[in-house]
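Chains as they are written, first to last, in this note's numbering: chain C, 1 to 504; chain R, 1 to 257.
In case anyone wonders, no lab produced these hints; they're calculated from the structure.
By construction, the Cβ of each residue, glycine as well, lies at the ideal position given by its N, Cα and C atoms.
Please note that the accuracy of each hint is not assured.
To give a feel for the contact side, a few chain C residues facing chain R, derived at Cβ under 7 Å [to be verified]:
(1) L96
(2) P256
(3) T297
Listing some non-contacts, in silico: residues in chain R with all C-beta distances to chain C over 12 Å [to be verified]:
(4) E31
(5) E50
(6) V92
(7) D101
(8) D166
(9) Y253
SDA-like mimics (lysine to any residue), calculated; alpha carbons at most 20 Å apart, straight line [said to hold, decoys possible]:
(10) C:K261 with R:S256
(11) C:K69 with R:A257
(12) R:K176 with R:G143
(13) R:K176 with C:P281
(14) R:K52 with C:N303
(15) C:K261 with R:G245
(16) C:K261 with R:A257
(17) C:K261 with R:T246
(18) R:K163 with R:A223
(19) C:K261 with R:K176
(20) C:K347 with R:D254
(21) R:K52 with C:S230
(22) C:K347 with R:Y253
(23) R:K52 with C:L233
(24) C:K141 with C:A117
(25) C:K261 with R:E130
(26) C:K347 with R:A257
(27) R:K176 with C:N303
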Amino acid sequence: MPRSLIQQEFLVKRDEERCIECKVCVRQCGFGVHEYQDGKFILNDHNCVNCQRCVIMCPTGALEILENKGVPRRNAYWSEHSVRDLRRQAESGGSLLTGMGCDRSYPIYFDHILLNASQVSNPSIDPLREPMEVRTYLGVKPDKLSFTGTPGQERLVGSLPPVVKLEAPVMFSAMSFGSISKNTALSMARAAAELGIMFNTGEGGMHPDLAPYQDNMIVQVASGRFGVDSTYLNSGRMVEIKIGQGAKPGIGGHLPGEKVKEEIAVTRGIPQGADAISPAPHHDIYSIEDLRQLIYTLKEATNYQKPVSVKIAAVHNVAAIASGIARAGADIITVDGLRGGTGAAPKMIRDHIGLPIELAISAVDRRLRQEGIRERVSLVAAGGIRCSADLVKIICLGADAAYIGTAALLALGCHLCQKCYTGNCSWGIATQDPYLTRRINPELGAERLSNLIKVWIHELKEFMGAMGINAVESLRGNRLQLRGVGLPRNELEQLGIKQAGESM
Amino acid sequence: MNVKEMKIIESKDLNYQELNQIVRWSLEEGEDRLLLRGVNGHRYIGVGLEGKARLEVEGTPGNNLGAMMNGLTVSVYGNAQDGVGNTMHSGVITIWGMAGDIVGYGMRGGKIFVRDDVGWRVGIHMKGNESTRPVIMIGGKAGDFLGEYMAGGTIVVLGVNEKPNDAAGANNLVGKYIASGMHGGQMYIRGTAPEWQIPEQARVEEITPEQCGELQNYINEFAREFDLDCSDLRREVFTRITPCGTRPYAHLYDHSA
Numbered sequence: 001m002p003r004s005l006i007q008q009e010f011l012v013k014r015d016e017e018r019c020i021e022c023k024v025c026v027r028q029c030g031f032g033v034h035e036y037q038d039g040k041f042i043l044n045d046h047n048c049v050n051c052q053r054c055v056i057m058c059p060t061g062a063l064e065i066l067e068n069k070g071v072p073r074r075n076a077y078w079s080e081h082s083v084r085d086l087r088r089q090a091e092s093g094g095s096l097l098t099g100m101g102c103d104r105s106y107p108i109y110f111d112h113i114l115l116n117a118s119q120v121s122n123p124s125i126d127p128l129r130e131p132m133e134v135r136t137y138l139g140v141k142p143d144k145l146s147f148t149g150t151p152g153q154e155r156l157v158g159s160l161p162p163v164v165k166l167e168a169p170v171m172f173s174a175m176s177f178g179s180i181s182k183n184t185a186l187s188m189a190r191a192a193a194e195l196g197i198m199f200n201t202g203e204g205g206m207h208p209d210l211a212p213y214q215d216n217m218i219v220q221v222a223s224g225r226f227g228v229d230s231t232y233l234n235s236g237r238m239v240e241i242k243i244g245q246g247a248k249p250g251i252g253g254h255l256p257g258e259k260v261k262e263e264i265a266v267t268r269g270i271p272q273g274a275d276a277i278s279p280a281p282h283h284d285i286y287s288i289e290d291l292r293q294l295i296y297t298l299k300e301a302t303n304y305q306k307p308v309s310v311k312i313a314a315v316h317n318v319a320a321i322a323s324g325i326a327r328a329g330a331d332i333i334t335v336d337g338l339r340g341g342t343g344a345a346p347k348m349i350r351d352h353i354g355l356p357i358e359l360a361i362s363a364v365d366r367r368l369r370q371e372g373i374r375e376r377v378s379l380v381a382a383g384g385i386r387c388s389a390d391l392v393k394i395i396c397l398g399a400d401a402a403y404i405g406t407a408a409l410l411a412l413g414c415h416l417c418q419k420c421y422t423g424n425c426s427w428g429i430a431t432q433d434p435y436l437t438r439r440i441n442p443e444l445g446a447e448r449l450s451n452l453i454k455v456w457i458h459e460l461k462e463f464m465g466a467m468g469i470n471a472v473e474s475l476r477g478n479r480l481q482l483r484g485v486g487l488p489r490n491e492l493e494q495l496g497i498k499q500a501g502e503s504m
Numbered sequence: 001m002n003v004k005e006m007k008i009i010e011s012k013d014l015n016y017q018e019l020n021q022i023v024r025w026s027l028e029e030g031e032d033r034l035l036l037r038g039v040n041g042h043r044y045i046g047v048g049l050e051g052k053a054r055l056e057v058e059g060t061p062g063n064n065l066g067a068m069m070n071g072l073t074v075s076v077y078g079n080a081q082d083g084v085g086n087t088m089h090s091g092v093i094t095i096w097g098m099a100g101d102i103v104g105y106g107m108r109g110g111k112i113f114v115r116d117d118v119g120w121r122v123g124i125h126m127k128g129n130e131s132t133r134p135v136i137m138i139g140g141k142a143g144d145f146l147g148e149y150m151a152g153g154t155i156v157v158l159g160v161n162e163k164p165n166d167a168a169g170a171n172n173l174v175g176k177y178i179a180s181g182m183h184g185g186q187m188y189i190r191g192t193a194p195e196w197q198i199p200e201q202a203r204v205e206e207i208t209p210e211q212c213g214e215l216q217n218y219i220n221e222f223a224r225e226f227d228l229d230c231s232d233l234r235r236e237v238f239t240r241i242t243p244c245g246t247r248p249y250a251h252l253y254d255h256s257a
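Sequences and hints are given; from them, build the entire structure.
Structure (C-alpha cells):
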C-alpha cells in the first residue's frame, strides 16, 4: 500500500508523572489509540479523533490531546482542512463522510439578533410570582368554532382536528435507531415522558423497548420505509413524513453497513452489514399531489386520529414548498436548517447546501401569513438550536416549537468529533457496539436531558417575563421583540426585524 | 363465493373517505367478508387495516390500495391503479387485471399477485427476511426500475402470453434499470437477459422451474390464484437475479475516521 501523504490530525500526550497505568484509556477509546503490551503503553494517535473520552475518564488527568499543526502555513484560501480533505479524496477515491452538523463559518443570525425587555412603559412580569404559559399545541388551528345547544348546555359543532400537546415548545429531534444506540434513544424517551414533550424515532423503525413511551413518541416515515407497519403507525402520537433533513438536503439517508448489526438488521428488514439506504426522493412522491396522497394514506391508516407532519430541509424555495405542503393537508411542517446534524452524510453535501434556520423559518412564517394560511399548520424549527435564547429567537421569527438534536447529544456527552458514521463512538451514543453502548445509562441520560430542558424552560419564562409576555403564543412570530445588530438592511428585511436602536 | 354471506357496500355515491369509514366500521362490527361494488377510483381502500378479513373489490380501485395493510386478503376484479400494496406489512392482494406504478414499494411482507402487466418502479426497496418472505408475482410485463434498491423478498415476472426475448436478445418482460442498487432479495424473470440489461451489482444465473423447486412453487401458487394452466413454463429458462453483495455503493464513500 503506497505511503499516505496525510499528517495525522491529533497528537496524544501522556504525562508519565501523573499516569498510574490503570489502563482506563485503553478500555475507553473506541478508536484504538491506546494499547498496553509488555508493561508499556503503545500510542496509535494517528487514529485519534479528539473525542476527549480518554482525557475525561483518566482519573489523574494524565492525558492531553493536541492539534498536530507544526508551523502553521498561513494560507487564507487553502485552509488546513480543505487541503486535508483533498488529499483524503486522492488517497481513498471515495467521497468523504462526516457526522453532526455543518461546522463551517457561515453567518450565525442568532448571534446578530437581540431581544427586548420591558421597562417603565410596559411592566415586565415576574415568572417567580406569575404563571407563565409555555404549553404549546401542534396541529391545525381551526379558523372558527361553532356551538349549538341551549345556554349552559352548549356543544361544539363538528370535531376538532387532532393535535399534540407539549408542556414546553421544544422536542427531541429525529435520530434513527441505527444511527444512535438504543440507550441514547431510551434516554430521550424517558426525558420526554417526564417533561411532557415528544421525542422522534427517526427513520429506523421503533425498537420494542420504546413502546412504554408511545404517548410521547413521534414516528417517522422516510423513503426507506424502515419499520413502518400498522403497529408502528398507531404507536406514536404523531406521524412524520421525512422528505429531507438540513444536514443533507436533496439526498437520501445512509446508515453505513458498519452500524447495521443484528438488531438493526431485524428492525429494518435488511441484511446484516448492508448499507441501509433511504433513497431520494421517496419513489412514490414525485410531485406535491403525490405528497398529498401519502399524507392522506397515513391519515387513513391512523383513522384521522393523529396529526401528520412533513419534515423538509431548508432550501432556497422553502417558503413556496411549505405553502404547498400546508395546502396538501399536512398538520405540521418541520423545517430543518443548515446546521442540522446527522449520523452520516457526505461532507461536501453537509457543508454547502441549505439555509440557516433563522432565515428559513422567517421566510416560511411570513409567506404563510401573507397567503392567509398560517393557522393551517404548526411550524417546527430544527437545525442548531444551542440555548434558550436561540429558542426564544426562533419562536419570535415564527416557529411554534423547536427540535433539538445536537444539543441533546452534547448533554449526553457527545464531543462533536464528527465520526458518528464509523460506529466507534467512545461515548456510546452513535454506535451499536454493546461494549460501547452500555456507557450510556438511560436513567442518568434522561436526568441530564431533563435538567437541560428544565433550565431552558425556566430561562424561557424569564425571557418572556422580561418582555412583559406571559404566554408563548404571544411570542410566536412576534418580530417586534427582536432587533438586528450588524446586519445589512436587506437581511433585516429578509428576517422582517428592525435595526437595534429603532423603537417599536 | 357465496355472495349472500358477504356484506355488500355500494360505493358509487360515496367518496373515498366515506367508503373507507364504512369498511372500518364493518370490520369493527365483526364482518369478515366485504364486497365493494361500483368502485371507481376510490383511494386508500384497505389502507392500514389489520386482521384476517376478505375484501372483494369490483371496479377500479384508486391509488394506494392496501397500502400499509397488515393481514387482509384483497381481491380486485378489474385493474388497479398506482401504489398497490405500498409499504405493505402482510396479507394478500390479487389483481385480476393490470396494476399501475409503484406496486409493493417498501413492501415488508405478504403477497401481491397481478395477472397482467404492471407499471414502473415496482418493488422498489422491498425488504424482508426468512420469516417474512414477501413476494410480488407479475403475470405480464413490468416497466423500468423493477426492484430498485431491493433489500429482501422475491419478485417473479412470468410474461405469460409474451415472447420473453426479442431478436436482439433483450428481455422484453422488464425494462431498464432493473435491480439497480440491489442489496438483498431475489428476482426470477422469464427468459434470458443480456449483460447490458443487468446492473453490475447483480449476479445472474439461468435456471428452469424444474431445476428450482422454489420457483416452481411460486408458479404453482400463481396458477392456483388465477385458475390458469402454467405447466408449459416448467422447462422454460428463467433468469435468477441476486445481489453481488450487501453494499453496492460503499466504494463511492470513504468510511474511515
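Outcome of the hint check:
A hinted interface residue such as C:L96 counts as satisfied when its beta carbon comes closer than 7 Å to some beta carbon of chain R; here the least separation is about 5 Å, so the hint holds. Checking C:P256 against chain R by beta carbon gives a least distance of about 6 Å; that is within 7 Å, so the hint holds. The restraint placing C:T297 at the interface with chain R holds, with a minimum CB-CB distance near 5 Å, inside the 7 Å limit. Here R:E31 stays apart from chain C, with its beta-carbon at least about 17 Å from theirs, past the 12 Å limit.
Its closest Cβ contact with chain C, about 5 Å, brings R:E50 to no more than 12 Å, contrary to its assignment away from the interface. With a closest Cβ-Cβ approach of about 16 Å to chain C, R:V92 is found to remain outside the 12 Å limit, as its non-interface label requires. With a least beta-carbon separation of about 8 Å from chain C, R:D101 fails to lie farther than 12 Å from that chain, contradicting its non-interface assignment. The beta carbon of R:D166 sits about 28 Å from the closest Cβ of chain C, which is more than 12 Å, so the claim that it is off the interface holds.
For R:Y253, the requirement that its beta carbon stay farther than 12 Å from each beta carbon of chain C is not met, with the minimum near 5 Å. Under the criterion of a C-alpha separation no larger than 20 Å, the hint pairing C:K261 with R:S256 is consistent with the structure, at around 18 Å. For a cut-off of 20 Å, the pair hint linking C:K69 to R:A257 stands: about 19 Å separates their Cα positions. Restraint check: the Cα-Cα separation between R:K176 and R:G143 comes to about 8 Å, which is no more than 20 Å; the hinted pair holds.
About 19 Å separates the Cα atoms of R:K176 and C:P281, which keeps this hinted pair within 20 Å; it holds. Taking the CA atoms of R:K52 and C:N303, the gap is about 19 Å. The hint holds against a cut of 20 Å. About 16 Å separates the Cα atoms of C:K261 and R:G245, which keeps this hinted pair within 20 Å; it holds. Taken as a hint, the C:K261 and R:A257 pair is honoured in the structure, with Cα atoms around 19 Å apart against an allowance of 20 Å.
Among the hinted pairs, C:K261 with R:T246 is consistent with the structure: their alpha-carbon atoms are about 13 Å apart, no more than 20 Å. Pair hint R:K163 plus R:A223 holds up; C-alpha atoms about 19 Å apart against a cutoff of 20 Å. At roughly 33 Å between alpha-carbon atoms, C:K261 and R:K176 are farther apart than 20 Å, so this suggested pair is violated. Between the alpha carbons of C:K347 and R:D254 the distance comes to roughly 10 Å, so the proposed pair stays at or under 20 Å and holds.
With a CA separation close to 14 Å, the supplied pair R:K52 and C:S230 stays within the 20 Å bound. Pair hint C:K347 plus R:Y253 holds up; C-alpha atoms about 10 Å apart against a cutoff of 20 Å. For a cut-off of 20 Å, the pair hint linking R:K52 to C:L233 stands: about 19 Å separates their Cα positions. Between C:K141 and C:A117 the CA atoms are separated by roughly 29 Å; this puts the pair beyond 20 Å, and the hint is violated.
For the given pair, C:K261 sits about 17 Å from R:E130 by alpha-carbon distance, which is consistent with the 20 Å threshold. Distance check on the hinted pair: C:K347 and R:A257 sit about 12 Å apart at the alpha-carbon level, within 20 Å; holds. At most 20 Å may separate the alpha-carbon atoms for a hinted pair to count; R:K176 and C:N303 exceed this at roughly 38 Å.
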